[in-house]
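Colleague: In case you want the letters, here they are:
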Amino acid sequence: MTNPLARSEAEDFLFKEAALLDAWRLEEWANLFTEDGEYLIPATDAPDGAPGTSLYLVYDDRHRLGERAKRLLKKTAHAEQPRSRTRHMSSNVMVAEAEGTVTPVFCNFVVFRSRMEKTDIYPGHAEYRLVHGSDGLRIAARRRFSTSTSCVPRARSASFSEACPTRRVRGFPRCPRPSAPAAGCSSPACRPAPCRRPGRNPAA
Amino acid sequence: MTALEHPSGSLAGLIIDDRQAARFKVNRHVFAEEDILALERERIFSRCWLYLGHVSEVSAAGSFVARRVGGRPLILTRGRDGALNALYNTCPHRGALVCRERAGNRRAFQCGYHAWAFDETGRFLGMPGREALPPNAGDGGQFDLVRVERMEEFRGFVFVCFDRGAQPLVDYLAGAAEYLAYVADQGENGMEIVEGTQDYSIAANWKLLQENSVDGYHGQPTHVTYFDYLRSRDGTTTNFGGSGPMGWVKNLGNGHAVSESIGLLPWGRPYARWAPGWGEEAKPEVEELNRRIMARLGPERGNVVANGDRNLIVFPNLVVNDIMATTVRTFYPVRPDYMEVSAWSLAPVGESVPSRDRRMRNFVEFLGPAGFASPDDIEMLELCQRGYANRAAAPWNDISRGMLSNAPKKTDELQMRTFWRRWRQLVSGDSSLELAGP
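Read top to bottom, the protein sequences are chains D and W. What the first sequence shows, in the working numbering, is residues 1 to 204, in sequence order. What the second sequence shows, in the working numbering, is residues 1 to 438, in sequence order.
Treat the hints with care, since some could be wrong.
[Unchecked claim] If you only want the chain D side, here are some residues facing chain W, beta carbon under 7 Å, derived:
#1 THR44
#2 GLY49
#3 SER54
#4 LEU55
#5 PRO82
#6 ASN108
#7 PHE112
No lab work stands behind these hints: they were computed from the structure. Each residue gets a CB set at the ideal place from its N, CA and C atoms; glycine is no exception.
Between the sequences and the hints, there should be enough to build the whole structure, so can you do that?
Modeller: As structure tokens, this is what we get:
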């Protein structure tokens with residue numbers, strides 16, 4: 001079954017997500033995910049690795065990402081006291097062909113984060129798997145990739161949104177190529193999706 | 001201000017080790033000054049054994065990893081003869097890096113500049129226009145990649161040392177060897193580094209991370225939100241993580257130390273201590289893994305390997321935390337107030353898919369730049385570093401906990417004093433300074 005999602009709808013959704021994060025409405029952000037939703041960030045040197053067999057930076061099931069949101073709202077979450085000010089920018093949005101009820105959406109992002117007199121910039125790209133819920137779009141999987149080829153600067157910033165890159169950014173976002181399914185991995189994020197970037201996947 | 005101009009008057013005076021008064025102080029100068037970092041580069045990072053990698057990262061002939069160790073770009077390769085090679089990653093011709101990838105497998109390294117080529121053992125293979133040089137120009141290996149002065153392996157952990165006259169690795173490791181062996185004994189078919197590196201940086205002095213890695217005293221105040229998470233996940237109201245007298249700490253010699261307990265901590269160990277958050281379905285496998293370790297190693301050693309949690313520091317900058325997962329972590333100063341960290345996950349070879357998955361989930365629930373605990377550690381280290389801007393008025397860190405105790409606990413500070421006594425001995429060059437002590 002196809003369930004066409006317009007790019008403008010996907011963009012509205014990504015902008016809403018960014019607004020929730022920037023406003024520190026983290027529990028509402030967590031509620032954008034489906035009951036079995038996942039949030040993943042692979043290591044900078046193994047972006048194609050599967051989460052159960054490769055070391056990640058974030059490997060959250062729905063419970064853990066909800067707890068991540070709760071944790072970061074506590075005064076005892078020292079890494080975010082005082083809280084960062086952030087701006088999440090999402091662009092270059094591409095909507096792939098739906099796979100049953102799931103629509104893969106790709107985008108680039110930049111996150112600006114300022115805290116305690118320092119500002120860090122985290123570029124990357126993301127793969128979302130969106131589904132239509134009774135109350136609008138929901139996230140079945142959110143996988144964010146750092147563009148960094150090496151070191152995550154002042155790394156705690158990763159604690160609520162985007163782990164990532166560095167002052168020595170040299171790479172460019174790759175075509176959002178889904179990982180091969182890992183043996184035994186049942187994660188929705190491990191299911192392949194065709195890439196819709198022009199010229200990359202002529203069969204799609 | 002240099003160390004010798006400092007009011008303490010000498011390098012050794014940067015640390016106060018007053019055993020009568022049970023008072024141990026470290027001058028904050030050591031975290032903030034360029035002169036100290038220059039001495040550390042000369043007297044620590046150029047003389048101590050430093051962790052390069054794990055044998056599993058270069059298991060196949062021709063495989064290699066390239067990384068910086070002590071500021072030096074190196075390549076670790078597995079030769080077609082099966083032997084390991086530690087090479088300086090610099091062309092003998094003009095000095096360019098001959099390897100630009102972090103890892104891979106190849107039969108030759110070729111410099112991109114003038115196309116000189118080398119085999120995986122560093123031996124010169126050829127160059128364009130060889131006839132322009134005298135026939136004997138490459139004699140004595142002058143065209144080969146330079147080999148690192150010393151490289152030795154212990155139970156899969158590969159170390160290098162830039163001091164040709166250094167003592168053998170196993171002597172250097174002293175009591176830390178026993179603890180690396182406990183970690184290595186987890187896998188009945190050996191251990192391997194899992195794909196993926198957590199690379200991150202911290203705006204703090206490198207020594208603060210070595211201290212933090214064995215500091216049990218900060219657990220409760222710094223990581224309260226992590227323990228909240230465990231309570232939520234495991235559906236229990238147990239108050240774990242209190243700063244009660246859990247476990248013990250030991251001086252392992254040569255500046256190495258361990259903070260250790262057996263079976264007391266609230267998290268699960270994939271090998272092999274079940275936790276409620278994994279669900280009942282995981283229990284039979286975890287219990288079976290535990291039984292197999294006991295059968296293979298005997299009840300005494302098996303209990304230490306399977307049920308023990310240990311935070312090991314190997315001087316100067318290797319951490320092996322064998323806790324809810326096993327992390328191998330090393331880090332280097334870029335500046336006095338800035339370090340770069342690399343951390344890996346070490347796991348038994350042949351681990352089942354569900355067990356490996358539990359391990360990888362467990363690792364990032366606590367550890368790393370987006371874990372539920374490491375970011376708060378990083379924050380504390382950075383706050384310390386900022387505080388050292390006041391070092392002229394407030395010059396001393398206090399590391400005296402447990403100096404009067406005959407049985408120091410994890411929440412004491414013997415493990416840090418062990419590090420600092422070795423640090424002081426090496427940086428001051430005064431080998432008569434005592435490494436043992438309360």
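Colleague: Determine for every hint whether it applies to the structure shown.
Modeller: Now the hints, each set against the structure:
Interface restraint check for THR44(D): the shortest CB-CB distance to chain W comes to about 6 Å, inside 7 Å, so the restraint holds. Checking GLY49(D) against chain W: minimum C-beta separation of about 5 Å stays under 7 Å; hint holds. The closest approach between the C-beta of SER54(D) and any C-beta of chain W is roughly 4 Å, which is under the 7 Å cut-off, so the hint is satisfied. With its C-beta approaching chain W no nearer than about 3 Å, LEU55(D) sits inside the 7 Å limit, and its interface hint holds.
With its C-beta approaching chain W no nearer than about 11 Å, PRO82(D) sits outside the 7 Å limit, and its interface hint is violated. At its closest, the beta carbon of ASN108(D) sits 20 Å from a beta carbon of chain W; the interface hint therefore is violated under the 7 Å criterion. With its C-beta approaching chain W no nearer than about 18 Å, PHE112(D) sits outside the 7 Å limit, and its interface hint is violated.
In this structure, the hints that do not hold are numbers 5, 6 and 7, in rising order.
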